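J.: Just so you know, the sequences run in chain order H and L. Everything in the first sequence is counted per the working numbering, starting at 198 for the first residue and increasing by one. Everything in the second sequence is counted per the working numbering, starting at 286 for the first residue and increasing by one.
Source of the hints: derived by calculation from the structure; they are not laboratory data. Predicted model, so just to flag it, every value in this text is computed and none were measured. Do not rely on the hints blindly, as some may be mistaken.
[As the list claims (entries may be wrong)] If you want the ones that stay clear, here's a sample from chain H, every Cβ over 12 Å from chain L, calculated:
no., residue
1, 210
2, 215
3, 219
4, 221
5, 249
6, 250
7, 252
8, 259
9, 274
10, 276
11, 277
12, 306
[As the list claims (entries may be wrong)] For lysine to any residue, the following SDA-like pairs were computed, each having C-alpha atoms within a straight-line distance of at most 25 Å:
no., chain 1, residue 1, chain 2, residue 2
13, H, 248, H, 272
14, H, 233, L, 315
15, L, 326, H, 202
16, H, 256, H, 275
17, H, 267, L, 341
18, L, 383, H, 244
19, H, 293, L, 340
20, L, 326, H, 242
21, H, 293, L, 341
22, L, 329, H, 237
23, L, 337, L, 354
24, L, 304, H, 238
25, L, 304, L, 352
26, L, 326, L, 287
27, L, 294, L, 349
28, L, 321, H, 245
29, L, 383, H, 221
30, H, 248, L, 381
31, H, 254, L, 386
32, H, 267, L, 343
33, L, 383, H, 225
34, L, 325, L, 295
35, L, 329, L, 362
36, L, 356, L, 343
37, L, 325, H, 272
[Stated by the list, open to error] According to the in silico footprint, chain L covers these stretches of chain H (three or more CB under 8 Å from chain L):
no., segment
38, 237-247
39, 293-305
Yeah, the Cβ is synthetic: ideal placement off N, Cα and C, and Gly gets one too.
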Amino acid sequence: GQQVMQIPQYQHVQEGEDFTTYCNSSTTLSNIQWYKQRPGGHPVFLIQLVKSGEVKKQKRLTFQFGEAKKNSSLHITATQTTDVGTYFCAGRGAQKLVFGQGTRLTINP
Amino acid sequence: DTAVSQTPKYLVTQMGNDKSIKCEQNLGHDTMYWYKQDSKKFLKIMFSYNNKELIINETVPNRFSPKSPDKAHLNLHINSLELGDSAVYFCASSQGVKESEAFFGQGTRLTVV
Chain H
198 GQQVMQIPQY QHVQEGEDFT TYCNSSTTLS NIQWYKQRPG GHPVFLIQLV KSGEVKKQKR
258 LTFQFGEAKK NSSLHITATQ TTDVGTYFCA GRGAQKLVFG QGTRLTINP
Chain L
286 DTAVSQTPKY LVTQMGNDKS IKCEQNLGHD TMYWYKQDSK KFLKIMFSYN NKELIINETV
346 PNRFSPKSPD KAHLNLHINS LELGDSAVYF CASSQGVKES EAFFGQGTRL TVV
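Sequences and hints are given; from them, build the entire structure.
T.: Here it is in structure tokens:
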């Protein structure tokens with residue numbers, strides 16, 4: 198079945214450092230979505246990428262979709278304490294959204 | 286108004302009991318989901334309904350029975366609860382099954398003792 202792998206599982210950074218999480222799918226995806234879950238909260242949609250090689254930015258966040266539509270990355274520039282949480286990628290295959298294991302980001306202020 | 290609401294938020298129960306979790310969405314979406322998030326934060330899809338029809342059943346034990354009385358509601362009933370059922374259960378909804386984002390409820394933390 199479809200699998201979505203995400204690395205790293207945990208990342209601890211100093212405030213102001215950059216952060217990147219990577220996502221790989223075992224199958225070609227129709228699109229990929231990114232979600233953020235704050236501690237004790239629920240996943241909240243950040244963005245969706247649809248086109249091969251697509252790059253989208255949201256302020257300090259940069260999202261990329263690979264050329265083969267099987268991998269994606271999220272890069273945060275100059276992290277702030279408000280960035281703390283778990284970041285999930287989710288790949289759309291046949292009728293379902295499959296989530297990666299998530300990357301838990303903690304930040305030292 | 287909360288877009289996707291689940292009740293209860295917390296549920297503590299003994300092994301062997303039967304319990305239900307309710308979910309309602311007021312977004313007008315036609316697709317609803319149940320996800321289970323374990324202690325390692327892994328989000329695993331359990332069920333998906335589109336227009337009240339079950340379209341995904343991810344090899345979940347048949348002690349778990351979803352019910353969708355209408356497009357706005359998807360409830361989850363669990364029989365004979367086991368310790369391993371302890372987790373956070375998230376309801377979510379989306380418009381369609383292909384392109385759109387999923388909106389999640391606040392989650393129900395189930396603890397089986």
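J.: Against this structure, judge whether each hint is valid.
T.: Okay, the hints, checked on the actual structure:
1. 210: Non-interface label on residue 210(H) holds, nearest chain L Cβ at 18 Å vs cutoff 12 Å.
2. 215: holds, 22 Å
3. 219: Holds: least Cβ distance 17 Å, greater than 12 Å.
4. 221: Check passes; 16 Å lies beyond 12 Å.
5. 249: holds, 16 Å
6. 250: Consistent with the label, residue 250(H) stays out of reach of chain L, its closest Cβ about 18 Å off (over 12 Å).
7. 252: holds, 19 Å
8. 259: holds, 19 Å
9. 274: With a cut-off of 12 Å, residue 274(H) remains clear of chain L, as the shortest Cβ separation is near 24 Å.
10. 276: holds, 19 Å
11. 277: holds, 22 Å
12. 306: holds, 23 Å
13. 248(H) x 272(H): holds, 18 Å
14. 233(H) x 315(L): Distance ~23 Å between residue 233(H) and residue 315(L) Cα, so the pair holds.
15. 326(L) x 202(H): Measuring from Cα to Cα gives roughly 14 Å; hence the hint holds.
16. 256(H) x 275(H): holds, 11 Å
17. 267(H) x 341(L): Distance ~22 Å between residue 267(H) and residue 341(L) Cα, so the pair holds.
18. 383(L) x 244(H): holds, 15 Å
19. 293(H) x 340(L): Given pair residue 293(H), residue 340(L) holds - Cα atoms ~9 Å apart, limit 25 Å.
20. 326(L) x 242(H): holds, 16 Å
21. 293(H) x 341(L): holds, 8 Å
22. 329(L) x 237(H): holds, 17 Å
23. 337(L) x 354(L): holds, 7 Å
24. 304(L) x 238(H): Cα-Cα ~23 Å, so holds.
25. 304(L) x 352(L): holds, 13 Å
26. 326(L) x 287(L): Satisfied, since the Cα-Cα distance of roughly 23 Å is no more than 25 Å.
27. 294(L) x 349(L): holds, 18 Å
28. 321(L) x 245(H): holds, 22 Å
29. 383(L) x 221(H): holds, 19 Å
30. 248(H) x 381(L): holds, 19 Å
31. 254(H) x 386(L): holds, 17 Å
32. 267(H) x 343(L): This hinted pair holds, its Cα atoms lying about 22 Å apart.
33. 383(L) x 225(H): Holds, at about 14 Å.
34. 325(L) x 295(L): With Cα atoms ~18 Å apart, residue 325(L) and residue 295(L) stay inside 25 Å; holds.
35. 329(L) x 362(L): Holds, at roughly 17 Å.
36. 356(L) x 343(L): Between residue 356(L) and residue 343(L) the Cα gap is close to 20 Å, so the pair holds against 25 Å.
37. 325(L) x 272(H): Given pair residue 325(L), residue 272(H) holds - Cα atoms ~23 Å apart, limit 25 Å.
38. 237-247: holds (count 7)
39. 293-305: Contact hint for the segment 293-305 of chain H vs chain L: holds, 7 residues under 8 Å.
Consistency with the previously given hints is maintained throughout, with no hint failing.
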